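Sequences listed follow chains A and B, in order. Under the numbering used here, the first residue of the first sequence is numbered 1, with each subsequent residue one higher. Under the numbering used here, the first residue of the second sequence is numbered 1, with each subsequent residue one higher.
To be clear, the hints were calculated from the coordinates, so they are not data collected in a lab. Quantities reported herein were computed from a predicted structural model and do not represent experimental measurements. Honestly, I wouldn't trust all of these hints.
Repeated chains share a single entry, so a pair holds when one copy, or any two copies, can fit it.
What the hints assert, rightly or not - Derived lysine to aspartate or glutamate pairs resembling EDC-like cross-links, with alpha carbons at most 16 Å apart:
no.: 1; residue 1: Lys-64; residue 2: Asp-205
no.: 2; residue 1: Lys-163; residue 2: Asp-106
no.: 3; residue 1: Lys-163; residue 2: Asp-98
no.: 4; residue 1: Lys-253; residue 2: Glu-99
no.: 5; residue 1: Lys-253; residue 2: Glu-21
no.: 6; residue 1: Lys-163; residue 2: Asp-102
If you want the building blocks of each chain, they are given just below.
Number of protein chains: 2
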Amino acid sequence: MSASTPARVRTARPLRVDLGERSYPIHIGVDTLDAAGAAIARCAPSTRAVVVTVPGVGRRYGAKLQRSLQRAGYRVRRIVVPDGDASKSLRQLRAIWDEMIDFGADRQTPVVALGGGMVGDLAGFAAASFLRGVPFVQVPTTILAMADASIGGKVAINLAQGKNLVGAFHQPRLVWMDIGTLRSLPARQRASGLAEVVKHGAIWDAAYFAGLERAPAALLDLEPSVLIPALRRSCEIKAQVVSRDERESGVRKLLNFGHTLGHAVEKLGRYRGVMHGEAVSIGMRFAAERSESLGRAPAGTAERIAALCERLALPTQIPDHPRSAYLSALGVDKKMSDSRIDFVVLRRIGSATTVSLTPREILPRKVGSGRNRKRKG
Amino acid sequence: MSASTPARVRTARPLRVDLGERSYPIHIGVDTLDAAGAAIARCAPSTRAVVVTVPGVGRRYGAKLQRSLQRAGYRVRRIVVPDGDASKSLRQLRAIWDEMIDFGADRQTPVVALGGGMVGDLAGFAAASFLRGVPFVQVPTTILAMADASIGGKVAINLAQGKNLVGAFHQPRLVWMDIGTLRSLPARQRASGLAEVVKHGAIWDAAYFAGLERAPAALLDLEPSVLIPALRRSCEIKAQVVSRDERESGVRKLLNFGHTLGHAVEKLGRYRGVMHGEAVSIGMRFAAERSESLGRAPAGTAERIAALCERLALPTQIPDHPRSAYLSALGVDKKMSDSRIDFVVLRRIGSATTVSLTPREILPRKVGSGRNRKRKG
Chain A
1 MSASTPARVR TARPLRVDLG ERSYPIHIGV DTLDAAGAAI ARCAPSTRAV
51 VVTVPGVGRR YGAKLQRSLQ RAGYRVRRIV VPDGDASKSL RQLRAIWDEM
101 IDFGADRQTP VVALGGGMVG DLAGFAAASF LRGVPFVQVP TTILAMADAS
151 IGGKVAINLA QGKNLVGAFH QPRLVWMDIG TLRSLPARQR ASGLAEVVKH
201 GAIWDAAYFA GLERAPAALL DLEPSVLIPA LRRSCEIKAQ VVSRDERESG
251 VRKLLNFGHT LGHAVEKLGR YRGVMHGEAV SIGMRFAAER SESLGRAPAG
301 TAERIAALCE RLALPTQIPD HPRSAYLSAL GVDKKMSDSR IDFVVLRRIG
351 SATTVSLTPR EILPRKVGSG RNRKRKG
Chain B
1 MSASTPARVR TARPLRVDLG ERSYPIHIGV DTLDAAGAAI ARCAPSTRAV
51 VVTVPGVGRR YGAKLQRSLQ RAGYRVRRIV VPDGDASKSL RQLRAIWDEM
101 IDFGADRQTP VVALGGGMVG DLAGFAAASF LRGVPFVQVP TTILAMADAS
151 IGGKVAINLA QGKNLVGAFH QPRLVWMDIG TLRSLPARQR ASGLAEVVKH
201 GAIWDAAYFA GLERAPAALL DLEPSVLIPA LRRSCEIKAQ VVSRDERESG
251 VRKLLNFGHT LGHAVEKLGR YRGVMHGEAV SIGMRFAAER SESLGRAPAG
301 TAERIAALCE RLALPTQIPD HPRSAYLSAL GVDKKMSDSR IDFVVLRRIG
351 SATTVSLTPR EILPRKVGSG RNRKRKG
């Protein structure tokens, strides 16, 4: 996004995630934080509001959001949690509950998540569980959270034994995306977020995928004319999938494309070094290769996935760990159901399905060190 | 229930709580634990099942339920938590999650609560939150849990600041009531459970209330011919209310009759000494008196409530604490919404409504020491 981007509010027609009485709008605009308070007040009227954020985001955007909420009539309590996935903990959850009690929060008090996926997951589970559920609003400030994490209602914290082991399905009342907040996002985080955008094209919409192939640099540069339609389409796809399958028993599993191995990569890297989108990129290339070797996808499918990811500055090579470590990491993947995994494979770019496989069937041979490079078609 | 009660399984036509795709059956019988496993397997098929219970109940009924689950094909892990409301804690919740992970529980693994309301609340929140929700089954073993706590999907734990501050709405797949398990229930706990039965009559069904007035001794003696129809009617009423209002925004509030002051009584007694049903009995008499003094209920209403409770060996006198302590206890009642409370008043026996009052309006004068005895009609 260049400095010459017009400062005027630009907004698109709001999307809606259609879930009956739990339906909610998604608003995408540029420099719209000033208007967030009034929009939140329409969805979650109350005298108090809680904003959960992290230090950097809070410093940059907290005051603007807070003033906007105050103009809309809220008393506001800002709760700042430390950066990093380690904050998706029982300890931070407890700290948020304590602050909410101290603030006098009641069943009408909205919890507003201002930040990336970690903040949304943590604040969302606090909202889901406090007094058995209070209103929740997402104000995502990363591409990853805008394109993926803030849509769908999945919220969770980690335990020592694994990620997202405890949580809820708690739909937000509103998702408010201001892509102006992305300007401060480091390049590596931009790329990481775009991995989920690639995923949506890969599993659902070949034309969208082809559009992304034409504009990787503009996406990384946050060009509104390219990024807004992409976020919009990604949200539409995720919203469509979620609407059909709110509690993840069927079609929603397709959103796990690239995530089975991706989670293992993150786990084996101890959630340091490899970002979520980077792990998903590695996992998508791997899953596309397995789609080909299982005879599900035509030759060249994995090549296109890998090429787009690489043009988005995303890694695609599996980190070097023993196969036994990967098998063990897959075995505790939370999607397991009696040791079989619904592994997402592509039928072609734009269409996916699941195959029930054991960890050994997913990883039939040694991985890492480039030994798993795709065979040339 | 006398020793001559026939040992044959007696069952009534199962009730259903109608909540669309979250509907579930309630089964009431005598000595039916042997058949629970097969019924659970129909609602929550899986290779593993977790049973959460307390020491005494586990010793008496754990093995029977476990064998029944094993015959139905489950591997079973029994998790025993200490007796008492103090177990509705983050610490015990954490211990259950840890055991479930250790056991290899997945998204299909049902959590079966075998015990009273505490076990149902704790195990229910574990089920609601583990992997964002796994199947939940209630096997209540107290009158309180059968008549009230096991129906409706409200699950929660306590924090240091108050009771039930954190939880979820998580509907069970099945509620399996074996009134044979009540034989080991101490007299005081029987009485305490019957307070909620009285409440259902008071707020919803005058004929049912009148029926209870005719048979208090048979209820305390667990006579199946009296107790089964009473539990059935109580469950019907609660199911009806819950079906209309799953998330407690409207008519479901009527179930709080007697609970506003009741919670304060429990809180000021530090949850020792006064049992939940005893506190509800005290709260119902108080709320009925306020219904009269607010001009909502005819004179004599509170008298009938008090008389029935007393014949059920329940206390009705407000314990002696300063009014300021009661006001403060009401102020943090979790039903508060910006300092006003939807206080449930009777219009007459069998019909209730709510009035929005501040704590000071609920308690306009000194309480305790019998100074609040009802005025003679």
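Comparing the hints with the structure gives:
no., hint, verdict
1, Lys-64 / Asp-205, "neither (37 Å within a copy, 54 Å between copies)"
2, Lys-163 / Asp-106, "between (29 Å within a copy, 14 Å between copies)"
3, Lys-163 / Asp-98, "between (23 Å within a copy, 13 Å between copies)"
4, Lys-253 / Glu-99, "neither (35 Å within a copy, 26 Å between copies)"
5, Lys-253 / Glu-21, "neither (23 Å within a copy, 20 Å between copies)"
6, Lys-163 / Asp-102, "between (29 Å within a copy, 15 Å between copies)"
Checked against the numbered hints given earlier, this structure breaks hints 1, 4, 5; the rest are met.
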